[in-house]
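Residues 99 to 758 (this note's numbering) make up the sequence shown, in order.
Please keep in mind that the hints were generated in silico from the structure rather than gathered at the bench.
For every residue, glycine included, the Cβ atom is placed at its ideal position computed from N, Cα and C.
One or more of the hints may lead you astray.
List time: in silico SDA-like cross-link candidates among lysine to any residue, alpha-carbon distance up to 20 Å [to be verified]: (1) Lys324 - Ser276; (2) Lys369 - Lys634; (3) Lys288 - Asp594; (4) Lys634 - Thr312; (5) Lys584 - His292; (6) Lys479 - Arg678; (7) Lys324 - Asp351; (8) Lys195 - Ser276; (9) Lys545 - Thr384; (10) Lys400 - Ile632; (11) Lys195 - Lys460; (12) Lys460 - Leu393; (13) Lys545 - Thr664; (14) Lys195 - Leu393; (15) Lys313 - Ser275; (16) Lys259 - Lys324; (17) Lys174 - Asp642.
The calculated label-pair distances, taken between Cβ atoms and stated as ranges, are [said to hold, decoys possible]: (18) Leu670 - Ala645: 51 to 61 Å; (19) Glu672 - Pro488: 22 to 32 Å; (20) Phe564 - Glu519: 52 to 62 Å; (21) Asp487 - Thr321: 37 to 47 Å; (22) Asp351 - Gly667: 47 to 57 Å; (23) Gly613 - Thr312: 20 to 30 Å; (24) Tyr370 - Ile677: 34 to 44 Å.
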Amino acid sequence: MATSFVWKIARRGLIAVGVVTVASTAASAYAVRQTRKNATKLPPEFILDIDLEGIDLVEQAAPLNPFFQFTGRFRKQLELRQAVEALRLASTDERVKGVIATFGANQRYQGLAQIQELRNAVTDFRERAEGRVMTVAYADAFGEAGIGGTLSYYLASAFDKVYMQPSGLLSMSGLASSTPFLRRFFDSWKVKPHFVAREEYKNIINQFTQDNYTKEHRHATGTLLKGFVTDIIDGIAASRGLNQKQARRAIDDAPFNSDEALAHGLIDDFKYRDEAEGTFGLEKRTRRIPIAKYLRAQAAAKGTNQEDPMTAAFNAMMAPPGESIDGTEQDEAAAAARAKRAERDRPVIALITAVGSIVTGKGAVGELQQMQEIASTPMCKKLIDARLDPSVKAVVIRIDSPGGSAVASDTIYREVMRLKEAGKPVIVSMGNVAASGGYYISAPATKIVAQPSTVTGSIGVVFGKFNIAEALRQYGINPCTIAEGKNADAQFPFSDWTREQERLVNRLVDHIYSGFIRKVAAGRGMSEAEVRKIAKGRVWNGKDALAHGLVDCLGGLQDAIELAKTEAGLPLEEDAVVIRDMARPLPLLVQIVKMLKGGDVSITACIASLLLEAGLLPAAGQLQERLACQVSAVLAREAGINLSALEPGPQLISPGIPIR
């Protein structure tokens, strides 16, 4: 009886596996067929659609678990440089009859510098198109509940026309930063923070050690916010035909309803979404082509499409009806061949993107999170590959990092120096933030380019720990330590530092800080005394960094690429140089195989995530502990708390400035 029951269960399981296999095979075959069926041609007339409400604008697309893609529980990502490139191509594309950008009511952005770069791309599009094409920005509301619309509206104001739903609010109320100071909370729980920082502006630890802003902390944060808002006022005033006082008053008097926004000249009319889409004066059947789809079609036409056939088939299968536009497998193969031939005939500029906290070795990104990091080993490999490749004549490094490990930062610094010493110009393009360790790895570059609102500097060091022994004893937990070595337990979270240990920690931090100063001085051609004056752990915006010699010019990634051409003596013509991305994603099939082998993201992690979502995850065990840590990291990040400061080892971390 038991045998019959087991066989019945096994048979049903085999049938289920068979059904899934047949279904997936059929789906893949259908996707490939659709991929082959769709040509790479775009319609003769179309509107370029930038759906900022439905995508996340990122510096570099995070590795995405392919198994999660089938569930549909993920947001599409569009890399900033792709958006900028699409607008550049569209500006001279006669088929583009309009551009429309749709904004979410409570949209989030990674930072103001990113918005400035995209905003400049919109402005450049309008100049290059010479009035041939109208650009439209639409939002149901720019922020709801009276907050959160400043950054969205700042970007939208660069478009020819700005429309908002009649019932919407324009909540352009400025920017604010808040810091949860935890010292009294720690005192009440008998948690003792022990931290050392260099110097007074290195305020990332203040939220743990203070109960309010210090004078330096308040000054640095206030100066940053004032600079950010000044940039926003200047941009809005120039785009909307207002003077500085009018733009400032608009921020101070916000939020506005649609009538008030129209009266202040902040919008051109109040319309619903379908009405805004009809302002181009084109036939209703004129198609709207998503920006990502436009890029794929352009890449296929130019022979630069880097998508492998299976990924193309997957995208065709997962896209909404009518959105598949990739070429056939033969087209893909031909495009790849053309791209390789083109690279053999033309000089190459290598593009390396470095996003996230800086860590040692190969990195340790968790299985269930999509956080990004700059791991020293793979980062150095890219730099070495670029140095040894004779076709690479210059390197552009795009950095968006608040810092991290001092050791890892120095490892990467060394490879950047070797690259420059090999006679290859290295241009750093800073994104939203390139501070502390992020600035450390930028310092040896030939030239540094930043946006006016890039957060940079923070030349300083922080080191420390928490003593949680008394907090544990309140719950009957008695932590005991046996150590063989005078300082073996110095960084254990169960004791205070002795006087000797505190002296050793200060000596270590001074040594690292002095080394940081020397490296910046050598890289920037400054004296150590000059660097010390502008260091002290202080963050600067891009404009102030330029004034203090920390960066060489203001601009975006495209400006950095043009500068790389000039420094390397390469032709400035658009197609005379190949821009080679050194971080091409693995083909979809390879990603799946890595999962099946228990690679970076395992099937177990996928199943665990689904169980967690369904509320079926066991209440105990190692998995729960790991998830708890990851949830804590997410909550801390939302609160503006940088948990990297709690990692062992000296940290070059910039202060968190959560802007709302």
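Which of the listed hints are broken here?
2, 8, 9, 10, 11, 12, 16, 17, 18, 20
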